[in-house]
Amino acid sequence: MRVGRWGFLFAVAVSIAACKGGGGAADAGTPSTGGKTLKIGAALSLTGAAAVYGNTQKNGIQAATDAVNSSNTMGGVRIDVVVDDDASSKEQGINVFQKFINQDKVSVIIGPTLSTTATAADPLAQQAKVPVLAISNTAPTGITDIGDYIFRDSLTEAQVIPGAVKKAHQKLGFKTAAVLYGNDDVFTKAGYDVMKKALDSEGVQIVETQTFAKPDRDFNAQLTAIKGKNPGILVVSALADNAAAIVVQARQLGYTGPILGGNGFNSPAFIKNAGPAAEGVLVGTSWNSASNDQANAAFKEAMQKRGATADQFSAQAYSGVLILAEAVRKAGSKTGRDDVKAALAQVKDLDTPLGKFSFSDKRDAQHEPSVQQVKDGKFQILQ
Amino acid sequence: MGQQAINGIFLGSIYALFAVGYTLVFGVLDILNLAHQAVFMLCAFTALAFVSGLRLHIALALPLAAIVGGLLGILLERLAFRPLRGRADSNISGLISSLAAATIFESFALQMWGPDVSRFPFGTFPDKPIHLGAATVSALQLTIVAIAIALMALLTGLLSVTPLGRQIRAVAESPRAARILGVDVDRVIAWSFFISSALGGAAGVLFGLAFNSVSPDIGRSIELKGLAVIILGGMGSVAGAVVAGFVLGIIEVFTVAQIGSSYRDAVSFGVLFLILLVRPRGLLGHSATREA
Numbered sequence: 000m001r002v003g004r005w006g007f008l009f010a011v012a013v014s015i016a017a018c019k020g021g022g023g024a025a026d027a028g029t030p031s032t033g034g035k036t037l038k039i040g041a042a043l044s045l046t047g048a049a050a051v052y053g054n055t056q057k058n059g060i061q062a063a064t065d066a067v068n069s070s071n072t073m074g075g076v077r078i079d080v081v082v083d084d085d086a087s088s089k090e091q092g093i094n095v096f097q098k099f100i101n102q103d104k105v106s107v108i109i110g111p112t113l114s115t116t117a118t119a120a121d122p123l124a125q126q127a128k129v130p131v132l133a134i135s136n137t138a139p140t141g142i143t144d145i146g147d148y149i150f151r152d153s154l155t156e157a158q159v160i161p162g163a164v165k166k167a168h169q170k171l172g173f174k175t176a177a178v179l180y181g182n183d184d185v186f187t188k189a190g191y192d193v194m195k196k197a198l199d200s201e202g203v204q205i206v207e208t209q210t211f212a213k214p215d216r217d218f219n220a221q222l223t224a225i226k227g228k229n230p231g232i233l234v235v236s237a238l239a240d241n242a243a244a245i246v247v248q249a250r251q252l253g254y255t256g257p258i259l260g261g262n263g264f265n266s267p268a269f270i271k272n273a274g275p276a277a278e279g280v281l282v283g284t285s286w287n288s289a290s291n292d293q294a295n296a297a298f299k300e301a302m303q304k305r306g307a308t309a310d311q312f313s314a315q316a317y318s319g320v321l322i323l324a325e326a327v328r329k330a331g332s333k334t335g336r337d338d339v340k341a342a343l344a345q346v347k348d349l350d351t352p353l354g355k356f357s358f359s360d361k362r363d364a365q366h367e368p369s370v371q372q373v374k375d376g377k378f379q380i381l382q
Numbered sequence: 000m001g002q003q004a005i006n007g008i009f010l011g012s013i014y015a016l017f018a019v020g021y022t023l024v025f026g027v028l029d030i031l032n033l034a035h036q037a038v039f040m041l042c043a044f045t046a047l048a049f050v051s052g053l054r055l056h057i058a059l060a061l062p063l064a065a066i067v068g069g070l071l072g073i074l075l076e077r078l079a080f081r082p083l084r085g086r087a088d089s090n091i092s093g094l095i096s097s098l099a100a101a102t103i104f105e106s107f108a109l110q111m112w113g114p115d116v117s118r119f120p121f122g123t124f125p126d127k128p129i130h131l132g133a134a135t136v137s138a139l140q141l142t143i144v145a146i147a148i149a150l151m152a153l154l155t156g157l158l159s160v161t162p163l164g165r166q167i168r169a170v171a172e173s174p175r176a177a178r179i180l181g182v183d184v185d186r187v188i189a190w191s192f193f194i195s196s197a198l199g200g201a202a203g204v205l206f207g208l209a210f211n212s213v214s215p216d217i218g219r220s221i222e223l224k225g226l227a228v229i230i231l232g233g234m235g236s237v238a239g240a241v242v243a244g245f246v247l248g249i250i251e252v253f254t255v256a257q258i259g260s261s262y263r264d265a266v267s268f269g270v271l272f273l274i275l276l277v278r279p280r281g282l283l284g285h286s287a288t289r290e291a
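Top to bottom, those sequences are chains C and W. Position one of the first sequence corresponds to residue 0 (numbering that gives the first Met the number 0), numbered consecutively onward. Position one of the second sequence corresponds to residue 0 (numbering that gives the first Met the number 0), numbered consecutively onward.
Do not rely on the hints blindly, as some may be mistaken.
What the hints assert, rightly or not - Pairs of lysine-lysine, BS3-like flavour, derived with a Cα cap of 25 Å:
1. K170/C / K347/C
2. K333/C / K98/C
3. K361/C / K165/C
4. K374/C / K127/W
5. K166/C / K347/C
6. K89/C / K127/W
7. K127/W / K226/C
8. K170/C / K196/C
9. K374/C / K361/C
Keep in mind that the hints were calculated from the coordinates and are not lab data.
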């Protein structure tokens, strides 16, 4: 009885507050302009295994929100972002999605950080007809396949590698290649398949293919066989653990040609463990850090102002907000869930830090990937 | 071809050094110490901590880490093997308790150093390539082979001429007879564990140096290879383990070079299977008569 009364009083208080505040939920906003808000729910891995990515994504989203709100490109609509932690887990991801959909009543969801979380949480949004923009899911299949409300601005490995091979081929002009890959892991095997296809379509002859298993630490035999064939380039699909050891041993054996790695190489730990041997190694990436395009320069400046480092993940997060803003603009400043969904598909050749951005027919990202090369112990874009 | 032979000898020397310790304990106790690979791994981490944490020279860190390995071996014997000794099923229960010890050691390493691959600091060992015709061998590789061979020679000498060696051989022959003759069997077993684990630990440090990677799972891949080596060489035979270590290393390398890396383990374990069929006591193993 008492609980009921208190509950009733509470409900009254809340409804009064809600009436008085008007747009009170948008605490940072200025409802006095009478403008609408685009409410975005961002499910990011702020804790757990992927915390390092989630936090840089949060920086990117906030920087982009500030930029869009101060530029007023959406015809008076302001962006209001609710950030919540998916804890790098499926269960928490589902909870956060439910909160966004039913409680916060967001127009669109950004995230979640990990592909595995996405496979669990995205179906909820699809069912509730809430559009989702993934900003870091790179699993080749099973993300945008969930349904027509799921979009992404992150390139898959299957998109980055062919671009990297093509660019490296243009720059270095090799005619033959040797491939070394881990054949006991789904990701490295899939990486190999993409690499082989890309090399074939570039007309590069594969003179030697060697394999290894994840627990292996000695790659001398494979690398000696590869070196004996004198390939123009060594292409490696390996997880970060093996990548450094492979490169070090290749250099020790006296292989001096170029080396191109898959996504496993795309980590600072690779450079740390390979040391001087990492110099010159090529890796594909979806963000061209050296690009002087206006959108990228603005992004880097905004990140610097916040005291945050700009990286691929923050660039994709920043671009995600720009893409949503563009969609709202295309929708004539309407912020309904279906308005946003319909307009997202129309986004074409938008200038973002990632370059000219469009969605494919399957709502996947379409933009030019880049190649970076290790120089003086750092990844630098191959111009 | 020359380069692949060098690769094979190099890999073989590490296999052999790992396997001599493995086979020594088997020879003495008739028990497979499945925690041998965990000691191998922990010693690699210990040497790494000595070199990067305490800034010790590797020439000092290697023997110190080997001693730590030996002490771990004694600990292992006290905790995992001695309490079970004398029970009717001590062979199987010892095998299982050593597996448990291996799991504990690995979890400890995971807690202490995390799952990532670490490496010895650059310049821990001067890494100068030496060119032999078309082949390249590094000073580090030569040193590793030399250390491995020296340690194995030392063990052979210890077993054949010292009083401790004689006692170890006596216990291996028959613990009961040795005890009747006045040998302190428990002490001899403890020493065997010390020597075995120190050698396994030294192999771990050399492995970590050679391949620039130390992680809690580095023992996994060598464990099965070590088992193959001691079966190939003849269970309990130290000389056999040395020969078989080099044989397996060379077989693996040439399988990769001639047939393909996917067939590497298939060929080496195929050879093992063949040996078991045609020569069950292994290359240099004794026949089973003395077990009577």
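Results for each hint:
Between K170/C and K347/C the alpha-carbon distance is near 29 Å, which puts this suggested pair outside the 25 Å criterion. Straight-line distance between C-alpha atoms of K333/C and K98/C comes to about 23 Å, which keeps the hinted pair within the 25 Å bound. Pair hint K361/C plus K165/C holds up; C-alpha atoms about 23 Å apart against a cutoff of 25 Å. Our distance criterion of 25 Å between C-alpha atoms is met by K374/C and K127/W, whose separation comes to about 23 Å.
For the suggested pair K166/C and K347/C, the alpha carbons sit about 24 Å apart, so the restraint of at most 25 Å is met. Between K89/C and K127/W the CA atoms are separated by roughly 50 Å; this puts the pair beyond 25 Å, and the hint is violated. Taking the CA atoms of K127/W and K226/C, the gap is about 19 Å. The hint holds against a cut of 25 Å. For a cut-off of 25 Å, the pair hint linking K170/C to K196/C stands: about 19 Å separates their Cα positions.
Between K374/C and K361/C, the direct Cα distance comes to roughly 37 Å. Violation of the 25 Å bound is thereby established for this hinted pair.
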